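Top to bottom, those sequences are chains A and B. Going left to right, the first sequence walks through residues 1 to 109 as the numbering used here numbers them. Going left to right, the second sequence walks through residues 1 to 289 as the numbering used here numbers them.
Just so you know, not all the hints are guaranteed correct.
[As the list claims (entries may be wrong)] Below, simulated DSSO-like cross-link-like pairs (lysine-lysine); rule was C-alpha separation at most 30 Å, straight line:
hint, chain 1, residue 1, chain 2, residue 2
1, B, Lys137, B, Lys165
2, A, Lys69, B, Lys137
3, B, Lys46, B, Lys199
4, A, Lys106, B, Lys248
5, B, Lys137, B, Lys72
6, B, Lys248, A, Lys30
These are computed hints drawn from the structure, not numbers from a lab. A quick note: this is a predicted structure, and the numbers were derived from the prediction, not measured.
For reference, the chains in residue letters:
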Amino acid sequence: MISVGINRLKSGMVLAKPVHSLHGVLLLDKGDELTEKNIWMLKSWGVSQIWLEGGHEEKKDLQPENKIKPSIREELREKFSGVLEDHVMAEIMRAAGEQLEKRLLKNEK
Amino acid sequence: MKNESGIPDLTRIVGRIEDLPTLPRTFLRITELVNNPRSSAKDLAKVVTDDQVLTVRLLRLVNSSFYGFPQKISTVTSAIVLLGFDAMRNLLLTTSIFDLFSNRNRKGRLRLEKLWDHSLGCAVGAKVIGNYLRYDKIEELFVSGLLHDIGKIVEMLFLPKDFTKVTSMVESRDILMVTAENYILGYTHADIGKFLAEKWNLPPKLESVIANHHQPGLSERFLQETAIVHLADILCRALNMGSGGDRKIPPLDREAWEILELELSTIGPILEEMESEFEDVRQFVRHSP
Ligand SMILES: [Fe+2]
Ligand SMILES: [Fe+2]
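Start from the sequences and build out the full structure, keeping to the hints where you can.
See the structure below:
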């Protein structure tokens, strides 16, 4: 799943997550295919970024943090909730976990 | 509210922040000199040495680990020669802006400090990513990162009522500040930042990065620079460097990621480099006279 700016949308693209207006109104649902008309509609509602299907999902070693302190892991999970379907973001979370763990050990010394 | 073209009506905001600070005279004089192809390092040095605080800062910066020049640099002229004119102007811009917006109100001091730390983290991130991409004006990236959320600082200091509404929504719903701003105000800190950049006549590249760092796809020019800051914003949040005023991480814009052409395996080393540079740079900025 990838996050794409409104100006790059093309008809035929498929939504990976429902799209709501800022006021919470459901505009389009997961699985809906974009058309010229509903792209225009999204723009007029002020939607700026949406999630699309696609982006090669590499699942390998993205469940990293077993050796990382549970407190760090929890915090990261919470912060990254909602964006982890993008494998780049998953890698950022994994690598950040490593750094945060190192920082913690360093500060303990 | 946004008009038809999607550009927020800034006149309403403008009216309320007319007492925004202006950049110091020295900055304007130096910008003039930098833009004039006939000026020499000597001309520039003359303006700098007129300002004692600036002189001290400049010498501290060139001798800091940020640049890592092997020998000690003791004159303003050699510092300018080593740094280059643009870097010189950027240094001045940075320190002037820190001055303008520092510690004005006691209550918000902690929040302001966290926001600066976030900005500094983003600046360090932009610098490190730039190095990976062999971008040749690292200096500019650093300043872009430092100023990317300047709109948040303006909002906090000059539109305190709006800012309070926004932050309470951010807290109660655990959403990004930019989302709450859109919802409550109809414009965002990126719009405010763009306005400020125009008012201050900042370089177009800087203005573009400030305006589009949340939606790099909207930039018509300077897409690479905007993408770098967009990613750096995400990375410094991942490393808990300061606070951007919210707890969530913004999604990575696909186009921004693709334009950078970074390998996934570079993320780890980039974060490591950021971690090792952040404290150094922070010490330097914090303890500037
Ligand atoms: Fe921002
Ligand atoms: Fe930011």
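Verification of the hints:
A C-alpha spacing of about 38 Å is found between Lys137/B and Lys165/B, which places the hinted pair above 30 Å, so the restraint is violated. At most 30 Å may separate the alpha-carbon atoms for a hinted pair to count; Lys69/A and Lys137/B exceed this at roughly 38 Å. Restraint check: the Cα-Cα separation between Lys46/B and Lys199/B comes to about 27 Å, which is no more than 30 Å; the hinted pair holds. Taken as a hint, the Lys106/A and Lys248/B pair is honoured in the structure, with Cα atoms around 26 Å apart against an allowance of 30 Å.
A C-alpha spacing of about 23 Å is found between Lys137/B and Lys72/B, which places the hinted pair at or below 30 Å, so the restraint holds. Between Lys248/B and Lys30/A the alpha-carbon distance is near 22 Å, which keeps this suggested pair within the 30 Å criterion.
Of the numbered hints listed earlier, those contradicted by the structure are 1 and 2.
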